[in-house]
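Undergrad: For reference, the chains in residue letters:
2 protein chains.
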Amino acid sequence: MTDLSKETCSACEIGSPLVPHDEQLELLKGLDGWIIDNSDISKLIKEFQLNNYEQSIKFTNLIADLAESQDHHPKITLEWGRVSIEWWSHKIKGLHMNDFICAAKSDEIFNAL
Amino acid sequence: MTDLSKETCSACEIGSPLVPHDEQLELLKGLDGWIIDNSDISKLIKEFQLNNYEQSIKFTNLIADLAESQDHHPKITLEWGRVSIEWWSHKIKGLHMNDFICAAKSDEIFNAL
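Sequence order for the protein chains is X and P.
For the first sequence, position 72 (counting from the first letter as 1) is numbered 71 according to numbering that gives the first Met the number 0, and the numbering increases by one without interruption.
For the second sequence, position 106 (counting from the first letter as 1) is numbered 105 according to numbering that gives the first Met the number 0, and the numbering increases by one without interruption.
Next up, chain X with everything else stripped away, as it sits in the complex (with noise of 0.2 angstroms):
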């Protein structure tokens, strides 16, 4: 399987195609932990657990890196010792692959820590 923590984000414009159901299934495998939320538009979502508010602020910031870095901007819910982070693609109101990307690097980021 590819790695996706190791690829980076495309541009996602309106348009762009979303991951296809079974797709997203698949790719949900090479991922740890994460869940997709179908309530409304479908969101990658994950809680991550951590020790303390100084390391929820300092995940925060560095997804919020990550964010810049790759142009795509999650949602990002901080509290003490717990944070939830959600992708999704607004323009094109689903999962694109860079969703897939940035959960991949998320984990990658939090196992860092």
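Just so you know, the hints here were simulated from the structure itself, not pulled from any lab data.
Hints may contain errors.
The calculated DSSO-like cross-link candidates involving lysine-lysine, where the alpha carbons are at most 27 angstroms apart (straight line), are [as the list claims (entries may be wrong)]:
hint	chain 1	residue 1	chain 2	residue 2
1	P	Lys45	X	Lys92
2	P	Lys57	X	Lys74
3	P	Lys90	X	Lys57
4	X	Lys45	P	Lys90
5	P	Lys57	X	Lys90
Partner residues aside, some chain P positions facing chain X, computed with beta carbon under 10 angstroms [to be verified]:
hint	residue
6	Ser55
7	Asn60
8	Asp64
9	Ile75
10	Thr76
Estimated spans, in silico, between C-beta atoms of each pair [stated by the list, open to error]:
hint	chain 1	residue 1	chain 2	residue 2	range
11	P	Lys57	X	Asp70	15 to 25 angstroms
12	P	Glu53	X	Ser83	16 to 26 angstroms
13	P	Ala10	X	His20	50 to 60 angstroms
14	X	Glu6	P	Gln69	37 to 47 angstroms
15	P	Leu61	X	Leu17	29 to 39 angstroms
16	P	His20	X	Pro19	43 to 53 angstroms
17	X	Gln54	P	Leu61	10 to 20 angstroms
18	P	Arg81	X	Asp64	11 to 21 angstroms
The C-beta atom is built at its ideal place from N, Cα and C for all residues, glycine as well.
Fit chain P to the known structure of chain X by using the hints.
TA: Quick look at chain P alone, frame taken from chain X:
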């Protein structure tokens, strides 16, 4: 009216007083654009509009600094151009005077950006 932003959070332990409902509404008048969400545990919530992601993460970090300095930690939701803050007191499952103080301090931080 007391300038809440100049006050400091007091220790909040299990058994510390919740702000009574009528007093909550009075304190809310002294804040700018905050709402109280009573759908579950009462929380003070405000969504701040920022110009871009850089500003969003800057504001998030300043609120995190406030949280650490007051030893009172909100839920912060960071998105491109938008940061939502939720203050409530976990130990008493509702609104303590600390939450109103931190809401006022959050506005002060935002206005100084």
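Undergrad: Would you mind marking each hint as holding or not holding in the structure?
TA: Here's how the hints hold up against the structure:
1. P:Lys45 to X:Lys92: Holds, because 25 angstroms separates the two Cα atoms, which is no more than 27 angstroms.
2. P:Lys57 to X:Lys74: 15 angstroms, holds
3. P:Lys90 to X:Lys57: Roughly 25 angstroms separates the two Cα atoms, so the pair holds.
4. X:Lys45 to P:Lys90: 26 angstroms, holds
5. P:Lys57 to X:Lys90: 25 angstroms, holds
6. Ser55: Holds - the Cβ of P:Ser55 comes within 10 angstroms of chain X, reaching about 8 angstroms at its closest.
7. Asn60: The hint holds - P:Asn60 has a Cβ within 10 angstroms of chain X, the shortest such distance being about 7 angstroms.
8. Asp64: Nearest chain X Cβ about 9 angstroms off; hint holds.
9. Ile75: 4 angstroms, holds
10. Thr76: 5 angstroms, holds
11. P:Lys57 to X:Asp70: 15 to 25 angstroms: 18 angstroms, holds
12. P:Glu53 to X:Ser83: 16 to 26 angstroms: 21 angstroms, holds
13. P:Ala10 to X:His20: 50 to 60 angstroms: 51 angstroms, holds
14. X:Glu6 to P:Gln69: 37 to 47 angstroms: The hinted range 37 to 47 angstroms holds for X:Glu6 and P:Gln69, with Cβ atoms some 41 angstroms apart.
15. P:Leu61 to X:Leu17: 29 to 39 angstroms: 37 angstroms, holds
16. P:His20 to X:Pro19: 43 to 53 angstroms: 51 angstroms, holds
17. X:Gln54 to P:Leu61: 10 to 20 angstroms: 18 angstroms, holds
18. P:Arg81 to X:Asp64: 11 to 21 angstroms: 19 angstroms, holds
Checked against the numbered hints given earlier, the structure satisfies every one of them.
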